[in-house]
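Take a look at the letters that make up each chain.
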Amino acid sequence: MSKTISSILRMALVAVSMLSGAAAFAQKGVSGRVMEPNGYGAIGAAVMVDGTSNGVITDFDGNFTINAPEGSAVTVTMIGFKDVKTTLKQGMVVTLEEDSQLLDEVVVVGYGTVKKESLSGAVAVVKEEMLQEKGSLSSPVQALQGQVPGVIITRASSAPGDESWSMSLRGAVSANSTEPLVVIDGVAYESVNELRLLNSSDIASMSFLKDGAAAIYGSRAAGGVVLITTKKGKAGKAKVDYNGSFTVKTVGRLPSLMTLDQWSDAVVQTLENDGTVGNVWYNYAQLAKQYAGGYIDLSTQPSPFGTTAFTDVEDFVFDNTVDWFGSIFGPAYSTNHDLAVSGGTDISSYRVSLGYLYDGSPLQYGQNNNKRYNFRISNSFKLSDAVTLESIVGYNRQDQIAPVDVGALLSTTVPMPGLPLFSIDGKPYRWGTWNSPAAQAEYGGTNSLAVSAFNVNETLKVKFTEWLDGNVNLGYSTSQAQRTKVNHSVEYYNYTGTKMIALNPTAANSSYEQTSSRTDFYSASAYLNAHKLFAGVHNTSLTLGTQYEFKDYNYFGANAKDIQNGLEVINGAGDITLVKPSRYQFAVGSFFGRANYDYASKYLVELNARYDGSSKFLPQNRWAFFWGSSLAWRIGQEEFLKDVSWLSELKLRASYGEVGNQSGISNYDGTQLYTMTASSGALIGNGLASIITTNGSFASTSRTWERIKNYNLGLDFGFLDGRLSGMFELFQKKNDNMLVSIDYPVLIGDSAPKANTGKFKAWGYEGQITWRDQVSRDFSYNVGATYTFARNKLVDLGGSATIVNNAFVSNREGYPLNSIFGLQYGGKIENETQRQAYYDKYYEGNTVGLTSDIRVGDNMFVDQTGDGKLTEEDYIYLGTDTPEVQFSFNFGAQYKGFDLQVVFQGAGNRVMYNGINNWTVPMRALYTNTTSVSVGKVWSADNPSGHYPPYTTKSSVNNYNYQSSTWSVSDGFYVRLKNVSVGYSLPENFVRRTGFLSGARIYFTGTDLWEFTRVLDGWDPEAKSAPSSTSRYPFMRGYAFGVNLNF
Amino acid sequence: MKTLRYILTVFAAAATAASCMNLEPKDQMGDAQVWSFPSNYTLFANQFYGWTRDFQGSTSADYMNGVFDGAHADIRSDLVAGPNANPFGQGNNAIQNKDDNYNALYKRIYYTNLLLKNAKNYENADAIATPVGEALFFRAYLYFELVQLYGNIIYLDTPVDLDSEKLTAKRDDRLTVINNCVKDLKEAAELLPDAPEAGRVGKGAANALLSRVALFEGTWQKYHNNAAAAELFDDAAKAAKAVIESKQYKLFYSDALGPKDSYRYMFILENVDCNPAKLTKADNTEYIFARRHDEATKKIGANITHAAQNSGFYVTKKMADMYRCQDGLPIAKSPLFGGYNAQNSEFTARDNRMNATLLMHGQKYWNNDGKWRNVWTEADEADALSCDRRSQSGYINNKWATERKVDDTNEGYDYPIIRYAEVLLNYAEAIYEKDGSISDADLDLSVNEVRHRSNPAMVKLSNALVSANGLDMLEEIRAERTVELFMEGFRIDDLKRWKTAETEMPQNLTGVKVTDTWFQTNWAGQTRPLDENGCIILYDGRVWGQKNYLHPIPGNELQLNKNLGQNPGWE
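Quick mapping for you: the protein sequence lines, in order, are chains G and U.
Numbering (my numbering) for the first sequence: 1185 to 2231.
Numbering (my numbering) for the second sequence: 169 to 739.
The reader is advised that the hints may include incorrect statements.
Said to hold, decoys possible - Only part of the chain G face toward chain U is listed, based on derived beta-carbon distances under 10 angstroms:
#  : residue
1  : Gly1428
2  : Arg1767
3  : Ser1798
4  : Met1860
5  : Ser1864
6  : Gly1869
7  : Asn1870
8  : Thr1878
9  : Ser1886
10 : Gly1933
11 : Ala1936
12 : Ile2060
13 : Gly2081
14 : Phe2082
Calculated directly from the structure, the hints in this document are not laboratory data.
Quick reminder that beta carbons are idealized off the backbone N, C-alpha and C, glycines included.
Please build the complete structure, drawing on both the sequences and the hints.
See below:
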């Protein structure tokens, strides 16, 4: 940084001296030209005679003339390029070399930057390259999954706009949520999810503060801090960049459902197993076989069931071509275009960017897509030599639309195969009381979201003296989100399309709902930064500052019934109701500081601290002090290692920090809140009494921020001129005053607030290793890997009762969050003798659902405690639903204009349990379809290796067999080919010939192309356990083609 | 350096802004907004009116159920049975981990305390006198509920913090709690208006409740602890007397309806045609405090008519036998008693309240099931149901059943939380318990007043009648109470405080006498066993241990406060 500042200063000095003496030295002296590496003249480069204040600045073509004798030693400097020392010669041409080192070395940390070599905390940095050429990114974090050590990124869906990307730095630190704090250009953002509104190509760098280094963000740093810096203009000729891509997406892993034939066989088998062949579905299955591919229209034919069953239907359709789930999801496309113009002079610089994203949906019915528009302008203006004003104005818009009844398509209750999605002539189909969900999605109305966000960010930078500068930042953002849900009445028909059967919902129940929220956020911060080198070895710096942030949220809406189709405004002849409005404000005030000291760049010490006050707490509990410190020893800089040629860097780091968390605390904690409800009480006087009640929660006057103690030990290394480099970190986090719910005697009245009485611990390690080599001028390659392991344990729930439960348990003392418990599988019951013995031994007093209906072929479970009883005491810990391991491998190569990037990403130490539903338990309900995984894998005496117990509809048996156990859970380990990217940069001289292009590149990127997984039932290994609603959208494989043009 | 000044200014501004963090809630009210306005005290107090007894107040916090099964309902006593044995009546109820009554009562007490705490800081006490009085009234009402159910309990007179010692305290003695209730009610009587808005409590309600509370505890102390309770009886008598002397309330009586029907129609009085005299609730002078209903704005919401007549309540023979004969004597001693032999012979010459409450065989009646009264003349009788006693216990209840046309659950009569008749009976009992005797003047003022509303010709209860016939004055006073307040949620609590539950409750619940009566030859479907007197046994095997006088403390609370201690017999 200091290097950059000094070059700016020098340039400024040169400019001043040149302006003052321009007339006197005109047209005299030595002339020459400074070129940029791309062959253009370098505008605004400074050429200065060493040891004097004599210097000039190059013109728009890179030419200069300096009044100095030939042979004088001069230095040519320009921002972003390495300084060139040379001697003056008439007609000389100096070609600058880009100083990529310079950018690499500076890392954005809270309220300032440090040189990477001076970093003593655990900070991971991602540069813009990682975000580029990845096709359409629904969120910038999408490009980082698994590839930044310690940064755990997961997604919940591929529904456009509802991906719900989430990120944690090194996993959980509390049973309460602890998302990392996202700060963009110095202004805090609401949540990681808000990043979906950001255009990835506007990002210059991202810093992840993972340890005590985050303490400068104090009370909100419990989950770590992500600092995002956006791109700024650079002095130089105007540059235009265009980047466009088109992505074709195909459906990735998806469970398949039984075909009509498989299902009919399974129904027959099930009913024979159950001894209930008199069931109407037995006949139905026979009919399905008989009529496969055809249908029975009851308006022309008698019902095969007479009046005994299915009396409310119009037809029986046995369409064996319908692939129910498969036809709901299909290919989609997405596209994005970014255009950026940047440039500037030494006085001012600018960058203007436009972005457009269209993301299509795999859903084949109904309108479903997400559009994003971004506009961003940043400029920097020097008010004087010492004062710079930087402005950023951004506007983001998101338009998302989905079918309002999308849930109908995403249910586990999919009807039996054979039923069509639409009538023969394409009308909405209905069978009995069942509406085709595809028709519901297509015609039932839409749920659309329009988000419009505008933000302004003004920064005033002042350089008071050589060693003291200041920075004032004002940020304002306002965002408006409007959601519109329209529920249309749909006319449903019989299969032949000749008879309208039902209007659903009825006209009176059709509705139009519009809700709107507005969020205003203000941030003001100011800090002073002093830095000085004493005696050449004592490098010190000190930052002190203050910040105030304020948020105001307002939400309201209305719902109208009995609407007119086609009107695109809230309307209705029926009931109009108010959607419960909501409004709150929140403010944080802070004082912060950081002090750094290093001795000869060998021994580094950093202390940072923040004193935070939050409006959430009562004044007496409001303020808290958080701090962090780190030490680093650059062993490689010691005299005895300095000359070891194979060692380029060896740094040992240690840090400790205490950071805060205030999630789990409502906005007005400590204040008793009351609600007034009109006309809802007893009958008093002539009407119902209006009443004021408390909000049901007891105000706490004593609780405070959770305080997380963060320990970190790290090692950075570089060998062989940096060809082999990497890092390794060990961490531990302890939360000794976690907010947990406590049971109090009911005497207190309202429900008790959480109290700081829990204990939580997390620990793990992460590492990264990279080998990069420039084999020849034309060929270079790199290989690398990252690995993150993070485990946690709820040490103490503060005395709350621990209920022993099976399946998913989010909070159980002594275990990780989101653990899964269950029985140990003991094999199948293979014969009647075994069945009787197992039953006799364990039936009495069992609490695991062992039923008298148990059959040969059903599961046996192990009596872990050996007490002769199967009870909840026999549940064992099966693992956690949150993957403890994240890893990636990457390989890259460049040859001439070609480059290749391959990234494999994966996760491990995860257990998935999808519960008991119509998809996890085959033939649980006859009238629904289920996944086809069980076909051919059902246990029988002839097929003793069959995984699935014989089909049954008896819930007692199914609930017993399919309960959480080592048999029913899946190993969530996977490896996925996350990214393959092939690019070609057109040769420069070829590009230049176009006359307007300065660079051109084409590339192909494939995402999520392949995976190895052990998940049994066809779901994606990345999917949530027990997926429901939009998390049942399949993840997609993407094939993106893109171009990148520079003008 | 000029710029430095700017920077410093910004720092100072930021520091100032940082202290601007006292933000007030926006979509809910905070303490300051609520407790600075007298009208909000009233709005806060309004919620208290949802916590009283009702026909069916709540299925979970069942202390509120006045008629349907709940902590005080007669169906848990010896007067009424249901289609199934009631565990509380049978004496085999179990300890619960979580007890909704216990939770709801303490939660509600907290709200009364919250109002009272904030009222202390409000400067204009006169402006909030009524809501403060209401809070005191309801705090007493709720603590009285707790004492009735659990005996000793922790008493809190202000909201407590989470670190309060009270949360792990031992229980306070019930007498301490009751004394606080008495104090609250006396204070409430001072604060509450003489003539409150309809549906609200006034001075009369405070005194009336005081008479109930003090009499309850007085008798409890006397019969359970052998303790002198003169002060409580005195309080009870004085409070009742204050209500009487206020002359604000009168027993409901209409000449147009006559003695028998005045008593009957009072319970189903609505603001539409619900009785032949076209009387409305405005004519009801007797209800001191009622949980009000209205077909349009606040219907009862429970199927009261059908439950009362058919499915819910099987009146026992013990109840039927309790009605005195017109000579003022119990059936065992009265020469007027007509015996059980004929269909309706036992109704002969009995207290009119018997037939006002129980239907005779062949009697015309209506319910809201298509056989309802439309014109309120004799013409309605052509389209009526005819009572058949050959079901249930053989005694067919008609109290709480409407006659008018109204959909199920939409009935709109009020539930009498406190009515004047009770106050009169409290007075008689308190005087007798205090003095061991009662003057004829006091009897005329109380018991005879109540009795003669329905029975103008009945022989008065007097010291002379008692001595001439070998009666027990106390038993007569108690019987009058039982008869008058049947199905209003008093019986089980009375048996508990009199400590007679241990003899009354274990008795079998029986129905009509079958052997040698009209029923024997005419009720073929009656196959239930008969007792030694030939009466139907509805439920037997009932027990009543000392532990049954109190409900057990819920298990969860015992875990959370080790000092709480379980009630005797429930450990």
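Hints, verified against the model:
no.	hint	in the structure
1	Gly1428	violated (43 angstroms)
2	Arg1767	holds (4 angstroms)
3	Ser1798	holds (7 angstroms)
4	Met1860	holds (7 angstroms)
5	Ser1864	holds (9 angstroms)
6	Gly1869	holds (5 angstroms)
7	Asn1870	holds (8 angstroms)
8	Thr1878	holds (7 angstroms)
9	Ser1886	holds (7 angstroms)
10	Gly1933	holds (3 angstroms)
11	Ala1936	holds (7 angstroms)
12	Ile2060	violated (27 angstroms)
13	Gly2081	violated (49 angstroms)
14	Phe2082	violated (52 angstroms)
Against the hints set out earlier in the document, violations occur for numbers 1, 12, 13, 14.
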